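Peer 1: Chains P and L supply the protein sequences, listed in that same order. Position 122 of the first sequence, counted from 1, bears residue number 122 in the working numbering, the numbering being contiguous throughout. Numbers in the working numbering are just positions in the second sequence, counted from 1, shifted up by 1000.
A hint or two may mislead.
Over the 12 angstroms line for every Cβ pair with chain L, so calculated as not near, a few chain P residues [to be verified]:
1. 41
2. 44
3. 55
4. 102
5. 110
6. 134
7. 150
8. 232
9. 262
10. 264
11. 267
12. 276
13. 292
14. 305
Derived contacts from chain P toward chain L, CB cut-off under 10 angstroms, selection only [claimed, not checked]:
15. 111
16. 113
17. 117
18. 130
19. 132
20. 143
21. 144
22. 146
23. 148
24. 160
25. 178
26. 180
27. 181
28. 184
29. 291
30. 295
Covered stretches of chain L, as calculated for chain P (at least 3 residues, CB under 8 angstroms) [claimed, not checked]:
31. 1022–1029
32. 1166–1176
33. 1203–1214
If you're looking for bench data, these hints aren't it; they were derived computationally from the structure. Since the model is a prediction, treat every value here as computed from it, not as a measurement. Even for Gly, the Cβ is constructed at its ideal location relative to N, Cα and C.
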Amino acid sequence: MPDPRCPAVRALTAAATLFLCVSHASAPGGQAAGGPDAAATVLACQVAQSLPVPPAEAREGGFAFVFESLGGTAADGRACTAYRLRNLPGSPPTPVRWAAGSEVLVDVARLARCPRDQECPWLEVARYFDGDFVGGETTIGYGLNADSFHVTSPGLVAFSSPDVGAAAASVGTEVAGTVVDSQGRAVALDLVVKSRFERGEDGLTLVYEATADDPTQLDGTRFVLAWEAFDLLPGAADAAVTGPSPFRAAATGAFVPVTHRAPGAVSVRVPAGGAAYRDLLTLTVREPGAGGADLLTVVLPAFLPRP
Amino acid sequence: MAARGPASRGARGASPKKLIGAGNKAYEWLKEALGVYGTAVTVVQLVPAVLALLAVFLTPTAWLSATLRRWVGLGALAGALVGMALFARAAGPQDLRGLVRGGAPRSGRLAGLGWWGLGVGVVAAAAFRFHLAVIDVAFVSSAPFLTPLLDYYLGGGPAAATLYNLLAAVLAGTALAGFGAGAPAALLRWRERRLARRALLEDGGALAALERALSSLEAAKAAVVAAKAQVADMAVELEDLRAAAGGRSDGPEAAARGAAPPATSAAGRPGPPAPRAADGRRRR
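Produce the entire structure from the sequences given, and follow the hints as far as they go.
Peer 2: What follows is the structure, encoded as structure tokens:
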């Protein structure tokens, strides 16, 4: 095997990546330029395009994993993108940060160690939004501090443009897969977190909601959801209140009480005079308790009260 | 050849032997040169591998992380500052009261700081290199007992990564502090001792004066020894002169002295010696 630190190998890798970028970066969203199986569905996303094709391997410094980005249409007709990562057999725990410019698409504290004799499952993150997605250059950092090694790869990036004047709108992120906490325990994730608003007789209501089939995903005992939206939502966080809520403010870690519960869903509902869309917010899946370690960070924009 | 005499070995007999000796010598030289050439070729062939090993040793994969480099840079900067402060403290003069209170003299402080600093620096540098190696996947796969450490640092999330960076910074800082304090201290002490020794040996220096005093003492000792020998010679001459003067006088006492056996062995000597004061001086 050639030494991955060899400049020639790096140059070849960079050249190959550049070639892939040039080949695919100009592909507009919604077109099947990537040519995946049209019937493929990842989470709730009907895949129409994927980049890179085939899924690329990052293999340097003893780390080895596969990644790909997918784009398509959700069941409700909105656009969707999905990012998938999978450690290859025999690979060590791998911190990975996948970014497009300043936007962090997926930041996994670590992909779990993958035994030599088995194929490890994908960690999948899907976004559902009104808008489109385009192919562009993305960067994947991995290894120590998730920045020891870098791969530049074409990837699909979402451009969401919801209509805040509509009767209702929603953006959401679905996470499915297994991450590992700081004690080495596997934490299964399978939930959808969304921000939406509804206009009713009582006016506009902002809803911050998490849904899952497994109620243990929503009680905050195995992990909590630290969302930057709660840092920007006046009065949402209340450190004095405790209870079974998965929501936390991202910056302060303050508890955010759940206002509504339904089977398979918990939500925080906030009446507002108007809604403003705020892009580039992140949702962090975090270990419960004070000072809990971050397990996974993904993009999750939100609707906020209009100032 | 056995029949040949020594004369026949002169012009013609020695040539084959010399020729064989020269041939042997040339063969030995050739063999030695070939040995040196073989060794050189082997060494030259090993140079790329050694350089590659050095490159691998000096550029661990952990070093590729920009975040780690920032932490280590900060640690090294702090360590260098601490090292400079320690060196300045040890190199500064100490007043008499400090010495009276039990403080070490400056040279002692420099020597201590030199040894301790370099020792701590070497140990911390080795620990730092090992710390960088424990997250090297290839290295850990050859030392499986380190796997839990690798899993913790790489898989423990941001907290574990921060701990790793912090430890690296502390070790790098300690190494820099040790080298930054120890190396200048050792160098300064060595330089000062060399200068002091040279100053003592120069004209006007204490050691030079002592050297001169020792030389003068030697010269004086030699003069005293010579004087002692001269005095002894003069005593002998005086005795001889007395004996000669006694032999020239007439009378019964002289006759009786002549009939009596000689009182000393000097009396049996063959004639009085000539005055030898000059010889005595020459012997000096």
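Peer 1: Holds or violated: the hint that residue 144/P contacts chain L, with Cβ atoms closer than 10 angstroms.
Peer 2: 5 angstroms, holds
Peer 1: Hint residue 295/P vs chain L: min CB-CB distance below 10 angstroms?
Peer 2: 7 angstroms, holds
Peer 1: Does the nearest C-beta of chain L fall within a distance shorter than 10 angstroms of the C-beta of residue 181/P?
Peer 2: 8 angstroms, holds
Peer 1: Is the interface hint for residue 178/P satisfied, with its Cβ closer than 10 angstroms to some Cβ of chain L?
Peer 2: Violated, because the Cβ-Cβ distance from residue 178/P to chain L comes to roughly 13 angstroms (cut-off 10 angstroms).
Peer 1: Determine whether the non-interface label on residue 102/P survives the test: each CB of chain L must be over 12 angstroms from its CB.
Peer 2: Answer for residue 102/P: holds, closest chain L Cβ roughly 16 angstroms.
Peer 1: If you look at each residue in the segment 1203–1214 of chain L, do at least three have a Cβ nearer than 8 angstroms to any Cβ of chain P?
Peer 2: With 0 residues closer than 8 angstroms to chain P, the segment 1203–1214 of chain L misses the three-residue bar; violated.
Peer 1: Confirm or reject the statement that residue 276/P sits farther than 12 angstroms, beta carbon to beta carbon, from all of chain L.
Peer 2: It holds; residue 276/P is separated from chain L by about 31 angstroms at its closest Cβ, greater than 12 angstroms.
Peer 1: Using Cβ atoms and 12 angstroms as the threshold, tell me whether residue 55/P really stays out of contact range of chain L.
Peer 2: At roughly 22 angstroms from the nearest Cβ of chain L, residue 55/P sits farther out than 12 angstroms, so the non-interface label holds.
Peer 1: Does residue 130/P pass the interface check with chain L, least Cβ-Cβ distance below 10 angstroms?
Peer 2: Nearest chain L Cβ about 33 angstroms off; hint violated.
Peer 1: Holds or violated: is the Cβ of residue 291/P closer than 10 angstroms to a Cβ in chain L?
Peer 2: Holds: closest Cβ of chain L sits about 8 angstroms from residue 291/P, inside 10 angstroms.
Peer 1: With d taken as the least Cβ-Cβ distance between residue 232/P and chain L, does d exceed 12 angstroms?
Peer 2: 23 angstroms, holds
Peer 1: Under 10 angstroms, Cβ to Cβ, is where residue 143/P needs to be relative to chain L, so tell me if that hint holds or is violated.
Peer 2: 7 angstroms, holds
The earlier numbered hints that this structure contradicts are 5, 7, 13, 17, 18, 19, 24, 25, 31, 32, 33.
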